[in-house]
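Chemist: Sequences listed follow chains W and C, in order.
Under my numbering, the first residue of the first sequence is numbered 2, with each subsequent residue one higher.
Under my numbering, the first residue of the second sequence is numbered 47, with each subsequent residue one higher.
A portion of the hints provided could be inaccurate.
With the Cβ distance kept under 10 Å, some of the chain W side facing chain C (calculated, not the full set) [stated by the list, open to error]:
no., residue
1, VAL49
2, ASP52
3, ARG54
4, PRO55
5, GLY56
6, ARG100
7, ASP103
8, THR184
9, ALA188
10, SER195
11, MET200
12, ILE203
13, MET213
Hints are computed from structural coordinates only; laboratory data are not their basis.
Yeah, the Cβ is synthetic: ideal placement off N, Cα and C, and Gly gets one too.
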Amino acid sequence: MTARKIGSSQIVTALMLLPAAAIFLGLFVGSLAFFFVQSFWKASTFKVTPDFRPGNYLDVVTNYGEVLLYTLGVGVLVASLTTTLAFFFAYAVRFALGRLGDLMLAIALTTLFGGYLVKIYAWRTILGSDGIINSALINLGLIDRPLSFLLFNLGAVVVTLTHYLLPLAILPLYGALRDVDETELAAARDMGASRSRVMLDIVLPQVRPALMASFSVCFLLAAGDYVTPAMVGSPGNAMFGNFIQSQFGLRMNTPSGAAMSFTLIGTSLVLLTLIGAGLRKGLQPR
Amino acid sequence: MPAEVPLLKLDGLTKRYGDHVAVAPTSLSIQPRDFFAILGPSGCGKTTLLRMIGGFVQPSGGTVQIGGADVTRLGPERRPTGMVFQNYGLFQHMTVRQNIAYGLKLRREPKARMDAAVDEMMALVHLDHLAERAAPELSGGQRQRVALARALILKPKVLLLDEPLAALDLKLRKTMHRELRALHQAIGGTFILVSHDQSEVMTLANRVAVMEHGAVVQEGSPRDIYMRPANVFVSGFIGEANTLRGSRRDGRIELAGGASLAHAGRDGAVSVVLRPEQLELEPIEPARVSLEAEVTDLIFLGPFTHLHCTLANGDALLVHVESRHVAAAHRPGARIRLGWKADDQLVLDAS
Ligand SMILES: Nc1ncnc2c1ncn2[C@@H]1O[C@H](COP(=O)(O)OP(=O)(O)O)[C@@H](O)[C@H]1O
Ligand SMILES: [Mg+2]
């Protein structure tokens, strides 16, 4: 074939893609590349000098290795919990609840409108020492002093993050479940599968990409969060994001902050890849 | 010899959705090796009846017995039935082989035995060359075969088929008719087929139940139902039929289209049902009933010719005759005489 003439429609397409490409390359790739280069620079007493040394990364591992593991663990915990709850919610809406399900879905998605900070303050109000739970228990005469273990710990962080992430996890799962053909579920039952086998053999493998999407979104947002742990978490158990924030802010050590960020991104991607491969293997038809 | 125990027995089986009666109390007995068809127009409750047999729809009343055991309260996974769904329901994330093997895997069949059974089943439905093909990549006819194989490999006591061929084109449907017949004979199974296509039912079934508005209105062999339809609905639904309106007084029926014949019975409105092939041109024998008609159209189909006629009162009449009996004079606009043997006619009292 000879060289094709570039048609006017192709030019129009190119023009339409231009803004998106500019935003993507300029703001996203550009800034990431800049910080990636900086992560190898040297910082000493509020001065940053261009350099190429892996020292920043070694420092991250020695100084923050434990925090990193703790943070990834919180991410996995929150993502597993949220994805599981979201799956059962979406499954009930799709297959069991009929009209009522549509209403519940609408309500769940409406909570997306409530801001992130609003939810954090809501949980502080609910779990706090003069919060709803404690006042109720005191008024009922079940306790005479507020329970202090409700707030400012890992549990409060997990509850708050799960509440915030749940609608985000429901969306892809509901979309995928809507595409699952009910006839296939009936056919599996007909061939002798129990309800739980149908779930394991038919439903989960078919929505695996959505499971992974929900899990990844929840994991990345949870593992990268620094507001929730600061507001409802225990001061002794800060997450990786809190340390990144202080490197960029208080300490003005951008190279170190950048190295920490890329360490978090890198380990997160590796972890998600492993979990994705595990899920694929676990849900393969045998 | 004791009467054969029915393999499947429905007793007063009913399904209501709110006020709507999808299936009126239905009782049927199906014998081993029957190819039983449930025939009726769309929306008459065929699928609902079949799904109650398979355990997918909980009946509002009545019982289902298979081999003498009451299975009414059992789910589909605990019934010895296998279902082929109208839209197949193949597992989209599996290959042909995985689809067919799924039921045996659930039964924890040893691998060697399972592979052999799957191979044999794939050969039976001509799918051996597609074993590793993914389900979404199959054509309609191939999907149909996978659905059949997947159900048959579990050797169900009763195979339930819900309009299995409705989505296929005519040519493929005819091929599948032959295959289904052969399959039924080869495995000696008991099949229940739901269909709205009377020619399919005639081709396949040895017994037919005709449904209308949720109720079985007639049950019998295809021949019985064709020759002795219980009412005008059945005669119109199975094959082509002319229904002539008339009334009876003192043992004589006067047809609105202009014939008179002797027929005993109570006075009142009647319908006389005649198959198009029971009518003949220019009857010479005096024993025949006859009437005048005008030819409106004439369709030559090789061995047979179809004549569309109108009677004196404007009613239409369809006549199938062998082409060699058609003369040049039988052209549109011609007035002709048509006759039939009194033995052939079916007289139904209007209820
Ligand atoms: N789940 C249901 N809820 C309410 N009505 C139903 C339901 N399933 C079937 N029906 C009604 O029952 C009648 C029979 O349906 P169906 O058995 O599917 O008919 P067919 O298979 O003969 O076309 C129809 O009027 C249909 O609308
Ligand atoms: Mg149907």
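Chemist: It remains to establish, for every hint, whether it holds in the given structure.
Modeler: Going through the hints against the structure:
1. Hint status for VAL49/W relative to chain C: violated, with the closest Cβ pair at about 52 Å, above 10 Å.
2. Because the closest C-beta pair between ASP52/W and chain C is about 51 Å apart, greater than 10 Å, the hint is violated.
3. About 49 Å separates the beta-carbon of ARG54/W from the nearest beta-carbon of chain C, more than 10 Å, and the hint is not met.
4. A least Cβ separation of about 44 Å between PRO55/W and chain C goes past the 10 Å threshold, and the interface hint is therefore violated.
5. About 48 Å separates the beta-carbon of GLY56/W from the nearest beta-carbon of chain C, more than 10 Å, and the hint is not met.
6. Hint status for ARG100/W: violated, given a least beta-carbon distance of 15 Å to chain C, over 10 Å.
7. A hinted interface residue such as ASP103/W counts as satisfied when its beta carbon comes closer than 10 Å to some beta carbon of chain C; here the least separation is about 20 Å, so the hint is violated.
8. The restraint placing THR184/W at the interface with chain C holds, with a minimum CB-CB distance near 3 Å, inside the 10 Å limit.
9. This hint holds: ALA188/W has a C-beta 4 Å from the nearest C-beta of chain C, less than the 10 Å allowed.
10. For SER195/W, the interface hint holds, since its Cβ comes within 10 Å of a Cβ in chain C; the closest pair sits about 6 Å apart.
11. Restraint check, MET200/W versus chain C: the minimum CB separation of about 13 Å is more than 10 Å; hint violated.
12. With a cut of 10 Å, the hint placing ILE203/W at the interface with chain C holds, because the nearest CB-to-CB distance is about 6 Å.
13. The interface hint given for MET213/W is broken, as the beta carbon of that residue sits about 14 Å from the closest beta carbon of chain C, more than 10 Å.
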